[in-house]
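Assembling the complex is the task here: the two chains are given apart, and the hints tell you how they should meet.
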Amino acid sequence: MFRYQSLEDCPLDEDEDAFQGLGEEDEDIDQFNDDTFGAGAVDDDWQEAHERLAELEDKPVASREQDGPSSEDLDLLGDPEDTLAERLTRLVIDSELEDPAIMQAVQTRGPAQQPGGLNSSIWDSSAVLRRMRGPLLTQEMPSVSVLDYALPQRPPQPRDDERDPSERALPRRSSSPVIGSPPVRAVPIGTPPKQAAVPSFNQQILCPKPVHIRATLQQRYPAPYGERMSPNQLCNVPNSSLLGHPFPHSVSPVLTHLQRAQLLGGAQAGRMSPSQFARVSGLVGSPIPSVNPKLLQGRVGQMMPPASGFRAFFGAPPAPPPSQLQHPPGPGSHLQSLRPQPQMFRPDTTHLHPQHRRLLHQRQQQSRSQHRSLNGSVGDRGGHRSSHQEQMRKDPYANLMLQREKDWVSKIQMMQLQSTDPYLDDYYYQNYFQKLEKLSAAEEVHGDGPKKERTKLITPQVAKLEHTYKPVQFEGSLGKLTVSSVNNPRKMIDAVVTSRSEDDETKEKQVRDKRRQTLVTIEKTYSLLLDVEDYERRYLLSLEGERPALMGERKQKICDMYDNLRGKAPGQDRPSDDHFMQIMCIRKGKRLVARILPFLSPEQAADVLMATARNLPFLIKKDAQDEVLPCLLRPFSHVLYHLPLGTVTSLVQQLTNLPQSAPAPAPTNLHLTAVLQNKFGLSLLYLVLSRGEELQSSDTNTELMQDNQWTELMLMATRELLRIPQAALAKPVSTPSNLLSLFSRYVDQQKLNLLETKLHLVHGIR
Amino acid sequence: MNYMPGTASLIQDIDKKHLVLLRDGRTLIGYLRSIDQFANLVLHQTVERIHVGKKYGDIPRGIFVVRGENVVLLGEIDLEKESDTPLQQVSIEEILEEQRVEQQAKQESEKLKVQALKERGLCVPRADTLDEY
Chain A
1 MFRYQSLEDC
11 PLDEDEDAFQ
21 GLGEEDEDID
31 QFNDDTFGAG
41 AVDDDWQEAH
51 ERLAELEDKP
61 VASREQDGPS
71 SEDLDLLGDP
81 EDTLAERLTR
91 LVIDSELEDP
101 AIMQAVQTRG
111 PAQQPGGLNS
121 SIWDSSAVLR
131 RMRGPLLTQE
141 MPSVSVLDYA
151 LPQRPPQPRD
161 DERDPSERAL
171 PRRSSSPVIG
181 SPPVRAVPIG
191 TPPKQAAVPS
201 FNQQILCPKP
211 VHIRATLQQR
221 YPAPYGERMS
231 PNQLCNVPNS
241 SLLGHPFPHS
251 VSPVLTHLQR
261 AQLLGGAQAG
271 RMSPSQFARV
281 SGLVGSPIPS
291 VNPKLLQGRV
301 GQMMPPASGF
311 RAFFGAPPAP
321 PPSQLQHPPG
331 PGSHLQSLRP
341 QPQMFRPDTT
351 HLHPQHRRLL
361 HQRQQQSRSQ
371 HRSLNGSVGD
381 RGGHRSSHQE
391 QMRKDPYANL
401 MLQREKDWVS
411 KIQMMQLQST
421 DPYLDDYYYQ
431 NYFQKLEKLS
441 AAEEVHGDGP
451 KKERTKLITP
461 QVAKLEHTYK
471 PVQFEGSLGK
481 LTVSSVNNPR
491 KMIDAVVTSR
501 SEDDETKEKQ
511 VRDKRRQTLV
521 TIEKTYSLLL
531 DVEDYERRYL
541 LSLEGERPAL
551 MGERKQKICD
561 MYDNLRGKAP
571 GQDRPSDDHF
581 MQIMCIRKGK
591 RLVARILPFL
601 SPEQAADVLM
611 ATARNLPFLI
621 KKDAQDEVLP
631 CLLRPFSHVL
641 YHLPLGTVTS
651 LVQQLTNLPQ
661 SAPAPAPTNL
671 HLTAVLQNKF
681 GLSLLYLVLS
691 RGEELQSSDT
701 NTELMQDNQW
711 TELMLMATRE
721 LLRIPQAALA
731 KPVSTPSNLL
741 SLFSRYVDQQ
751 KLNLLETKLH
761 LVHGIR
Chain B
1 MNYMPGTASL
11 IQDIDKKHLV
21 LLRDGRTLIG
31 YLRSIDQFAN
41 LVLHQTVERI
51 HVGKKYGDIP
61 RGIFVVRGEN
71 VVLLGEIDLE
81 KESDTPLQQV
91 SIEEILEEQR
101 VEQQAKQESE
111 KLKVQALKER
121 GLCVPRADTL
131 DEY
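In order, the protein sequences belong to chains A and B. The numbering of the first sequence is the UniProt record's numbering, which starts it at 1 and goes up by one. The numbering of the second sequence is the UniProt record's numbering, which starts it at 1 and goes up by one.
Same shape as in the complex, but just chain B (with noise of 0.2 Å):
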């Protein structure tokens, strides 16, 4: 920001924490260490984290080479805040588990949403294929 004002730019991001979210929905939270003009980021000690309700879990990665457009958002850890969060960390099995247990339970209501609309006539929202979450 300081090199040019009224811009945004990853620059002054770099090796620190962040947490990056993707178009297909992943979490990625890892130290950013380089970047390049399509905001193509290389994450460090990266760390997939899988939110279900309160709960959450983190999967390891490593590094992460992320390509710019799949980028949705990105953002600053603020190391000290980063632990004070009413939510709850499990093991990666339990997380995966509940996840399971949730796209489930998504799908049994679509289901039945989509019969409803189909029983009053209605046509049913087709999803867009890109994004799927």
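Next comes chain A alone, as it looks inside the complex (with noise of 0.2 Å):
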């Protein structure tokens, strides 16, 4: 800084030379700064700046010239005079941008000529290349300049210490450009910058460079996993806008430390504003001149899809001129500014995925061409549009809304749709096009080709990014700052858990923790279910090389699925149900056995088919109020399938409750009572008596095994099914055919007869 700390220092009269500078410049000195000027006085240079410094706080707009010209740039250093001229010219016309009339009268000039009258030196320099500015920073005030202030990275310089723009910056304001905290702003946001069309090759410019402020961010693009694009919807659309535009040479693509912290800034306030979003792009922008100041605001190039089908939605070619197609002339004419993607370099879903980008993009450029041809050639348009323009003539309020502002609401709708999951997050969706798509490719099929072309909405599927928050800590200091946030939480309260101990509950309170477990297990293996349930489609998206991991994994989950139904008994056998019937007891239980049953191996699936028939009745009377349990005969019945003869000689006995070797039947049966009176048990009861004659029928050695306990259970059954009166049975959900075949077995032509009125074995009787 100053070589002299304070007043006192400074050798007034020793310093003979700095007297003679200050001399020389006596014209320029403001005289109420002379103590400073005197005091201080060490360099030519120093004095200057602080006379633009002054000048600069006089002018009501900021102008951007007052960055601080490099060293190169001899012409601002040496000639005051000549700089001021410049800039006061500059003010003037920066004055008449307000007004879109001069703003057109100034653009006609020919866009070489601005960045030659507005930004001469900064553009015959190279120092071109830390700042970035094109013309259309030039038309983008006080933020510009506020920005190449506070820069706190600059190019090392000869009289630096002077030359720091961020202390020029002090007396405007003072700003920090790290994150955290907002950009500043001189323009209020939300203020649409009065700039033409960004090219939109700033994308590009931004996308491989991942902003590294934080922790690591990567930049990314994963394979869409979760989406579906009709075979239609092209990939390869467009991308002309991103390499077309040659990049000059003066222009590099790379980020200030600054402007990396504003996008972040910008981003971290959850939204950029459409102004903010220029600015931003300004940035980056480059000298090109084919942007077209003159471009009207317009509506969206729409692509409306015809009203018959959709259409392919990225496929389209440039679109039809859109019916819409305006040129207010009135107040709302504003100078199309077609924000360029704004990046935001956040992990996760604040990124626009590349295909909404350039959907974005293309709806841009769409629109853009039509501005310029239509620019070109008004008279030629055909007679829809000239009434509908008309009709806009007639409406002088039209478009306030910029098309840059339509794009930024779209463009935040567009990124509700990214998420890392879209098979967690937006399931009824995935699977409902999943459906339609199947359909139409069915159809494919047999037709000619694909007949709707469905347009789907893209659900991109962005990566997760794992980033752990770290507190703020400072270092050298001890131990950490009392800050308390969302994702740095304080403990507030000092909660132990206390578990209370056995003796003090009572028996209620003792069945409600019961229960209670009950429900917990069955949430736990209702998640294993979900999950094994979803295996089959992670093995299609997984690599060759995991699916034995995922197998396994999946066999796992099943086993403890398993487990949690049964209850973890530590002998071999599984000697008490009443796991398993706390379960069963509650409706979701039943539900969640009937979804597992498929998973089962089939001794397992038998395990608890046994289970459910050796206590039926206590089932049926716990299920009378829900009446859940006919969902579960579907997957008994898939489960009777593999069962051998054995086993369902046992699974009748246990349903039948009929003792196999009996010397006379109990005078009641309540057991089978009350499975023939409930329907679910007379439905289990016929699939399992039809399994067995099928098994009978089919198989002639294990019948000759069986035969003794077979044939005396179904002697048994048929008794007692003969003792019942109608009455008192249950109307089955279906009645198997070939039931009468096996009581023709065992029971005589008289009471086979009396079974079939009875149970209703002859089709066309119900």
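Hints were generated in silico from the structure; no laboratory data involved. Be aware that one or more of the hints could be misleading.
To be verified - Pairwise CB distance ranges (calculated):
hint, chain 1, residue 1, chain 2, residue 2, range
1, A, 421, B, 63, 55 to 61 Å
2, A, 627, B, 122, 56 to 62 Å
3, B, 113, A, 434, 49 to 55 Å
4, B, 21, A, 425, 30 to 36 Å
5, B, 21, A, 567, 53 to 59 Å
6, A, 551, B, 5, 36 to 42 Å
7, A, 516, B, 122, 34 to 40 Å
8, B, 97, A, 421, 58 to 64 Å
9, A, 491, B, 63, 27 to 33 Å
10, B, 38, A, 516, 37 to 43 Å
11, A, 534, B, 8, 28 to 34 Å
12, B, 45, A, 446, 51 to 57 Å
13, A, 421, B, 108, 56 to 62 Å
Fair warning: this is a prediction, and the values are worked out from it, not measured in the lab. Cβ atoms here follow ideal geometry from the backbone N, Cα and C, with glycine treated the same way.
Given below as structure tokens:
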């Protein structure tokens, strides 16, 4: 800084040179600043710089040239008056920029002149590499200058101490360019910048350069797993916007530290307003003269799909002229500024998926091209368009909402579609479209080609990013800051969990706890079940190497489920059905069992079936209100198909509770009665019987083996069936057809007829 | 809609005449000028329309900024069919008077209802404080 720390230190009379220097520029010195000048006068340049600073303070609107000319700019440095004159002329032009009419006039001067006239010094020098400005920027007034003021990284300059722009910035406003604080704005948020369109190659610039301010962020464009594009949605959307514009050599794509910070600061604020976008874009702007500020506001180029069907969303050729193109001559007419894709370097869903981005770009290009062509040949338009134009002319308030702002809103909507796991977040939509596409694919097989092109909403899958939150810590300090936030919650209450001892609890509480335990078990098992059901989809998406691991996981989960169901008994057998019964008493438990059954092995499934049959009356009693048991019928029947006769025999035994070898049947078989009186029970019995019959008739070997058991059982069963009054019988879900043949083996004709009528075994009676 | 198939967006509705029904029961008609992601609306040349029976009256209101959460529904008005209505437009004073009369009648009948219920020993249903129209 200054060589002298205070006035006292300054050798007022000793330093002749300094005073001579002072004397030369006496006329430029503000008299009131004498002390400062006199005391601290070290270099000429310091004075100059201060002068400029003083001028700046006077100016109502900051101009962009005050960012501190580089050392290479001898013009600015050596000739203060000249620069002042230039600046004044520029100032005049700046204020005229507010007026759209004048803007047009200004632009017609030719874009090539603009950079020359407004920014010659910048563009002449190689400092442009550092600056990254374009003609667009020159029209963006205060914020840019502030930006440049606050640039922490500046190239080394011989007089860099004095030139330090942050110093100059301080009198105006102190701002920290670091993340967390909102970017300084001399123009309030939401002000639409008056720039022309920025070419969309910005995206390419910004894309590959991840910001590295906090923890490592990666650029991610993951393979869109969950994303389903109909075949007509082109992935090869014309990307010419990205590559078409030649990069001028003078523009380097590197973002300065501050610009990145601004981006992130904006991103952290949660949303970036359109004006901020434009500003950001301006930072990476290019002096491409093709940017035509004369582009008028118009409605977005609408690719209206025909009413009859859908059209390929992306694949549509540059759309037919939009029906509502406008030439508003009124106050609503602004320069169109096509905002480039805002790149928010934040993890996860704040990035716009490439396809969405492409979509926006496409739209921008469309509207741009339409506007251009519209400018060129107004008279050539069709009749419908002119009528619309007339209509729009009558509405002077049209297009108060700029295209840029509309894009901004739709961008927000698009970003809301991004998710880390579409199948989790948007299950029903994904499945629905899967089904639809299967249907159309099936249709396609028959037809010539795709009949309907379905435009699918793109719900891209974005990779999940792990980022751990590290609370702010100062280096060298001991301990942590006492800052508590959402990410870093602080323990407020020292709550200690005390578990009650068994003695204290009453029976009621025990019962309640047991039920709660069961509910918890059901929930846990349900989670496992959902995972297991999802494995099929994961197989398809996974790599070959991962599949065995997946299989193993799946098997393990199935085992866990089974253990949960049956209760982890220490011994080999599962002596108590208690656990299982508890689950089955709850409605959700029954449905859970029904869904798990397909995944279990035959032995496990048979086990479950047996347990059910054994305790069926109890279950029936408990199910009286819910009547959910029939949901188990279908999985049970599937299980039955795989069971051997022995198991089936035991099943019947369990169901009917008929002793294997009984001297005489008990007067009343409550078990069987209960079973028969219940829809589910009766249906299950029929199923089992039918299966037994199947086995018997199909395989003669086993018949011989199991004959005694089975026959005895059947005899007893039929006796019971005959005994039970018809009124007491429930109505089964379905009556298998082979029951008649079953009974015919064991009873005579008369009784068979009785059974027939009683059980409605013959078709047509019902 | 054409930006993203299968979604609803107000972007297509901008600069068109709309009828907006608010949660407090008001009906606004105006040109939709601007929106945002919360469906906050900016209505231009807004008119508040009060309907009583077959009559309606318009109160010009100017520019309205409506917070998105207060919108029940909104729809575009077909300018050609707008005048094709069996309703009769009356002056503001008249429609306000009609509205007052209608409100009074409603209150009376409500009172009677409540009394009848009370007489029979039934409890009175409490109206939701948010939706009072």
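Here is what the structure says about each hint:
no.: 1; hint: 421(A) with 63(B): 55 to 61 Å; in the structure: 43 Å, violated
no.: 2; hint: 627(A) with 122(B): 56 to 62 Å; in the structure: 34 Å, violated
no.: 3; hint: 113(B) with 434(A): 49 to 55 Å; in the structure: 52 Å, holds
no.: 4; hint: 21(B) with 425(A): 30 to 36 Å; in the structure: 31 Å, holds
no.: 5; hint: 21(B) with 567(A): 53 to 59 Å; in the structure: 57 Å, holds
no.: 6; hint: 551(A) with 5(B): 36 to 42 Å; in the structure: 38 Å, holds
no.: 7; hint: 516(A) with 122(B): 34 to 40 Å; in the structure: 38 Å, holds
no.: 8; hint: 97(B) with 421(A): 58 to 64 Å; in the structure: 59 Å, holds
no.: 9; hint: 491(A) with 63(B): 27 to 33 Å; in the structure: 51 Å, violated
no.: 10; hint: 38(B) with 516(A): 37 to 43 Å; in the structure: 41 Å, holds
no.: 11; hint: 534(A) with 8(B): 28 to 34 Å; in the structure: 30 Å, holds
no.: 12; hint: 45(B) with 446(A): 51 to 57 Å; in the structure: 55 Å, holds
no.: 13; hint: 421(A) with 108(B): 56 to 62 Å; in the structure: 58 Å, holds
The structure does not agree with the numbered hints 1, 2 and 9 stated previously, though it agrees with the rest.
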